[in-house]
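Undergrad: Chain A is already provided as a structure; the job is to place chain B on it using the hints.
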Amino acid sequence: MIALVAQDTQTVALPGPPVVWSLLWPFLILAVGGVLLVTVTSVVPVLRGRSFPAAFTCLTALASGLSLIPVWQRVDRLDLVGGTIGSGTEGPRSLVSGAYAVDGFTVFVTGVICVSVFLTALLLDGYLRREGLDGPEWYVLMLMSASGGVLLASANDLIVSFLGLEILSIAAYVMAALHLRRAESQEAGFKYFVLGALASAFFLYGIALVYGATGSTTLQGIFAAGPNAAGLDPRTDSSLILAGMALLLVGFAFKVSAVPFHFWAPDVYQGAPSPVVAFMASGVKVAGFAGLARIFLYAFQPYWADWRPAIAALAVLSTIVGGLLALAQRNVKRMLAYSSINHAGFMLLAIHAAASPDDGGQRGAEALLFYLLAYTVMVTGTFGVATIVGGRGDGRHDLDDYRGLSRSNPLLAGVMAILLFSQAGVPFTSGFFAKFRVIGALASDGSYALGGAAMLAAVISAVLYLRIVVSMFLIDNGEAHEADHEAVDAVAGGRAAPEAEGDTLVEASPEASVLTSVRAPAPTALLAVCLAAAVTLVLGLLPDLGGGILSDAASALLLAG
Amino acid sequence: MAQYLPVLALLVLAGLFAGLSFVASKIFAPRNPTAEKLAPYECGITPGRDLPERFPVRFYLVAMLFVIFDIEIVFLYPWAVNYQELGLFGLVSVLIFSALVFESFVYLISKGALDWGPLQVSRRQDPMRSADRTTASTVRRVGQDGRTVTVLDAGVAAEEAGSGVAA
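Chains as they are written, first to last, in our numbering: chain A, 1 to 561; chain B, 1001 to 1167.
So here's chain A without its partners, still in its complex pose (with noise of 0.2 Å):
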């Protein structure tokens, strides 16, 4: 007692950081929309059901969403960039003494990954129906992981990226292995764990080396102690920080599935629960690569020589290594997951526009966004196809599950032809603007041997987007069937027939992939692959978003970070 009132007569207050929570809303209600659920559901278990906890979800990414849109007025005004932190009310500027960014990129990723959630709360809520298996959650997981990619894309400060990375991870490991009587699901969960807590590893080993070349974790400090700084002899500690973006570039690009850091995706993504699968490929991804941005563009924006040729390398293997891979495949969700490192990799080439100091840099970012968005919503649209298709026991992935689907359901056939075509970048839709925009930004940039990789690689995924559409439209009989499974064994390299997963009850008919719930899919999980393949085609129609909000979002990133 006596110590503490002789303590206090030197007692002085430590002023807590300003917080401008109106800015924070839109990270707010994620965060607090799960926890909120959680609390909820425990106190009154009526709430328990099924029907609740997706209609809270989907509330909850709806609100996230519309409070974007005062936070986008107030940050919109380019011609503030710059200005001191804290100071002012509108134009972008960092929060919570300079730990979390609010300007237009940030905005734009939060909006995507708001959509992410929104449309795999519509799949989860059919998914949980078909397996019988309730709780809340997954919803809460979902939600705890968005808010933490929220807090990854706007993160001023590599302490608050790698806090939001783990946030981000930890939800979506527990996510994976949700599904508790299917093995493969264990083994995905387990999986997943492993590597990601392998990059987490990766990823704060280099911020250490990052802080102990500048001297800060802030992404302006390291910006400021670059070699573009009056006064600081660059060379000085140039290996110390080459190392710590080597080994931040290996935490990202485990993140985001890159070649030679792949090999956990197809894995994972065959075992995960399919609705999670397609938050891990949509959400997960986007935050991993809005943090790599927001780092790479803005804090090592001086050491932009290099690491640019250490994002070609690794955007090249993934295109190319991912489209190939995925022609060696006969489950669909590995074909996807192969897809989607073939995405990561066009991704990656935006990136590496984006660092051009001229032209390209504008373009390139906004190619990233678009991007972004238009791959979060057709690669959620497609996984959601496959949970459909994926029948009770979510077994049902393999190639001659999808054949006759045109027959069996039209509409899903459709659909999911729609969403493929868009992946594969066929005019009119947005996967070809996505991979134009890429393809153009490098063009402009002078990286023309990228750009004609890119092409390349394009025509190969193709290939495997039109086996698939190939399969559910062509009403075969038994002998095309079987050369096609031939030839297919043939390009595998002998690979042995995907072992019989669930309740498989396959019969000798070509329509014996047909099962009730193809043919009645969940009301929710039809309306979501709907939504996405809307978007896509409206994106594909209105590529430029109606404005210039990309090209304000992009100029937010290459300019204030």
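These aren't lab readings, by the way, just hints derived from the structure by calculation.
In this text, a Cβ means the ideal position worked out from N, Cα and C, and glycines have one as well.
Please note: incorrect hints may appear among the correct ones.
[Unchecked claim] A few chain B residues that face chain A, going by a derived Cβ cut-off under 10 Å, partial list only:
1) T1034
2) A1035
3) K1037
4) L1038
5) L1086
6) F1089
7) L1095
8) L1100
9) S1104
10) Y1107
11) L1108
12) S1110
13) D1115
14) D1132
[Stated by the list, open to error] Keeping only pairs whose Cα atoms sit at most 20 Å apart, straight-line, the calculated SDA-like set for lysine to any residue is:
15) B:K1111 / A:V43
16) B:K1026 / B:L1010
17) B:K1111 / A:F52
18) B:K1111 / B:V1062
19) B:K1111 / A:D134
20) B:K1037 / B:G1019
21) B:K1111 / A:R74
22) B:K1111 / A:P45
23) B:K1111 / A:A63
24) B:K1111 / A:I69
25) B:K1111 / A:V35
26) B:K1111 / B:V1067
27) B:K1111 / A:G135
28) B:K1111 / A:S239
29) B:K1111 / A:T39
30) B:K1111 / A:G49
TA: For chain B alone, coordinates are given in the frame of chain A:
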């Protein structure tokens, strides 16, 4: 490096003590092993059966409860020590943190982490699991409606049962 010298000294002392203890007990202790002395025992009593390998998963839940409060105290104690300096900002932060920790506690209770005993959660939720439901109340004897079991049949049945036991 000088300030690490006591740590090093303590490390050496600890190693010496452990090593010397082993050596001393080897040298000085009388060794007269018998079969009874070498047998494993439970609290001084010879075990009558193998140790159970499975134990309730609730132990893990209790361990998780412990971790929750452990983490909480790890953060609360430094805050309490620096309460004056941290002021209102610190108070609000700790309140948010405590609310989240308490929230996980609520979730654990709702999942039945503190319902000790067999299957209380499922019994509460599932009307099909009840002590009232026995084979007598749920299984209808088919084919015996309106029939009485004759003495002869009963005797045959008893014989068959007896021979079954003998076999």
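Undergrad: Against this structure, judge whether each hint is valid.
TA: Structure-based check of all given hints:
{"no.": "1", "hint": "T1034", "verdict": "47 Å, violated"}
{"no.": "2", "hint": "A1035", "verdict": "45 Å, violated"}
{"no.": "3", "hint": "K1037", "verdict": "44 Å, violated"}
{"no.": "4", "hint": "L1038", "verdict": "40 Å, violated"}
{"no.": "5", "hint": "L1086", "verdict": "6 Å, holds"}
{"no.": "6", "hint": "F1089", "verdict": "3 Å, holds"}
{"no.": "7", "hint": "L1095", "verdict": "13 Å, violated"}
{"no.": "8", "hint": "L1100", "verdict": "7 Å, holds"}
{"no.": "9", "hint": "S1104", "verdict": "8 Å, holds"}
{"no.": "10", "hint": "Y1107", "verdict": "5 Å, holds"}
{"no.": "11", "hint": "L1108", "verdict": "9 Å, holds"}
{"no.": "12", "hint": "S1110", "verdict": "4 Å, holds"}
{"no.": "13", "hint": "D1115", "verdict": "13 Å, violated"}
{"no.": "14", "hint": "D1132", "verdict": "23 Å, violated"}
{"no.": "15", "hint": "B:K1111 / A:V43", "verdict": "10 Å, holds"}
{"no.": "16", "hint": "B:K1026 / B:L1010", "verdict": "24 Å, violated"}
{"no.": "17", "hint": "B:K1111 / A:F52", "verdict": "18 Å, holds"}
{"no.": "18", "hint": "B:K1111 / B:V1062", "verdict": "12 Å, holds"}
{"no.": "19", "hint": "B:K1111 / A:D134", "verdict": "13 Å, holds"}
{"no.": "20", "hint": "B:K1037 / B:G1019", "verdict": "25 Å, violated"}
{"no.": "21", "hint": "B:K1111 / A:R74", "verdict": "43 Å, violated"}
{"no.": "22", "hint": "B:K1111 / A:P45", "verdict": "10 Å, holds"}
{"no.": "23", "hint": "B:K1111 / A:A63", "verdict": "29 Å, violated"}
{"no.": "24", "hint": "B:K1111 / A:I69", "verdict": "38 Å, violated"}
{"no.": "25", "hint": "B:K1111 / A:V35", "verdict": "16 Å, holds"}
{"no.": "26", "hint": "B:K1111 / B:V1067", "verdict": "17 Å, holds"}
{"no.": "27", "hint": "B:K1111 / A:G135", "verdict": "10 Å, holds"}
{"no.": "28", "hint": "B:K1111 / A:S239", "verdict": "52 Å, violated"}
{"no.": "29", "hint": "B:K1111 / A:T39", "verdict": "12 Å, holds"}
{"no.": "30", "hint": "B:K1111 / A:G49", "verdict": "14 Å, holds"}
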